[in-house]
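**Student:** Start from the sequences, fold in the hints, and give me the full structure.
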Amino acid sequence: MAFACIDIGSNTIRLLVSEEADGQLRELMTQRVYTRIGKSLHKHSKIPKDKIAESAEVVATQARHAVESGAERIAIVATAAIREAPNRHEFVTAVEAAAEFPVRVLSGDEEARLSFVGATKTLGTPVGGGGVAVVDVGGGSTEIAIGTAGGVTWAETFRVGSGFLTESYLKSDPPSAKELKKVRQHVEGVFEGLELPQTSDEPLERGVAVGGSATSLRKMVGAELNHDTLERGIAILAGSEIAAVAQRFELDPTRVRLLPAGMIALEAVSDALELSLTIGNGGLREGVILEMVAERVGVRHGSAD
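Residue numbering for the sequence shown follows my numbering, starting at 1 and increasing by one per position.
It cannot be assumed that every hint is accurate.
Said to hold, decoys possible - Quick list of in silico lysine-lysine cross-link-like pairs, DSS-like style, CA-CA up to 27 Å:
1. Lys46 with Lys182
2. Lys178 with Lys51
3. Lys49 with Lys178
4. Lys219 with Lys46
5. Lys51 with Lys171
6. Lys171 with Lys181
7. Lys43 with Lys178
8. Lys49 with Lys182
9. Lys43 with Lys219
10. Lys171 with Lys182
11. Lys219 with Lys171
12. Lys219 with Lys181
Since the hints were made in silico from the structure, they are not lab data.
**Tutor:** Okay, here's the thing in structure tokens:
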């Protein structure tokens with residue numbers, strides 16, 4: 001049976017169609033469109049009508065592609081930019097009318113839990129007895145979820161993301177040292193003094209990074225994100241124009257523009273956790289699909305109640 005998730009994020013709208021077999025997902029189709037809803041929200045303090053219309057058309061197209069790919073169940077979820085928009089009802093109404101599917105606006109805790117499920121269930125190796133931290137740096141927010149094989153035991157949403165930071169501070173191409181310093185100061189102010197819970201008798205033993213910032217870094221710095229590898233990546237981005245970096249690493253220029261801010265946020269969380277972060281194979285979309293799979297068989301993922 002095939003399932004689909006459309007994720008309406010602050011930077012992108014992404015589709016994933018997957019087939020489930022024995023608890024594992026096999027990707028059938030993936031699509032991504034940069035809509036930068038968060039940028040429009042930042043500029044206008046609401047989502048403009050033209051951005052609503054553009055987003056509705058993108059979601060409707062992706063929903064049609066999901067049906068054509070054989071998806072029997074389709075979930076549409078929306079994250080930070082939509083839940084914070086004062087006209088979110090107008091946005092959701094327009095998207096639902098165009099796509100002919102309901103839109104679920106996720107709370108920060110729901111987003112963190114589903115990202116945890118998607119990350120931990122697609123690692124390729126079993127989650128051990130120790131704690132696992134899943135970090136999702138999105139365009140408008142950052143979620144940290146901590147848990148074990150039994151599910152999430154603690155989750156927190158922070159109102160800082162790559163899109164917000166980019167629009168607030170990064171105006172130059174490449175970004176200047178002064179601009180990057182302002183991003184660091186903002187991010188450090190958000191995560192300073194972050195106290196994380198102990199999830200078991202053992203300390204946190206594994207960190208996983210998901211979301212657009214993390215998944216775009218594999219070609220640039222490898223699968224392990226820590227202070228040294230992230231600093232190396234930031235140096236690359238600070239030393240070359242966006243177009244050159246995009247061509248060198250086969251990345252979308254829009255993503256490259258967002259990466260310095262995303263990397264600084266990932267570095268701050270990695271330092272706070274005192275853990276390297278492994279780039280995950282799945283995240284929010286996979287978590288939503290696995291939740292649909294679990295509902296079909298009467299099991300709920302992601303909670304250690």
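**Student:** Each of the hints needs a verdict: does it hold here or not?
**Tutor:** How the hints compare with the structure:
{"no.": "1", "hint": "Lys46 with Lys182", "verdict": "holds (25 Å)"}
{"no.": "2", "hint": "Lys178 with Lys51", "verdict": "violated (32 Å)"}
{"no.": "3", "hint": "Lys49 with Lys178", "verdict": "violated (35 Å)"}
{"no.": "4", "hint": "Lys219 with Lys46", "verdict": "violated (35 Å)"}
{"no.": "5", "hint": "Lys51 with Lys171", "verdict": "holds (22 Å)"}
{"no.": "6", "hint": "Lys171 with Lys181", "verdict": "holds (13 Å)"}
{"no.": "7", "hint": "Lys43 with Lys178", "verdict": "holds (22 Å)"}
{"no.": "8", "hint": "Lys49 with Lys182", "verdict": "violated (32 Å)"}
{"no.": "9", "hint": "Lys43 with Lys219", "verdict": "violated (32 Å)"}
{"no.": "10", "hint": "Lys171 with Lys182", "verdict": "holds (12 Å)"}
{"no.": "11", "hint": "Lys219 with Lys171", "verdict": "holds (25 Å)"}
{"no.": "12", "hint": "Lys219 with Lys181", "verdict": "holds (25 Å)"}
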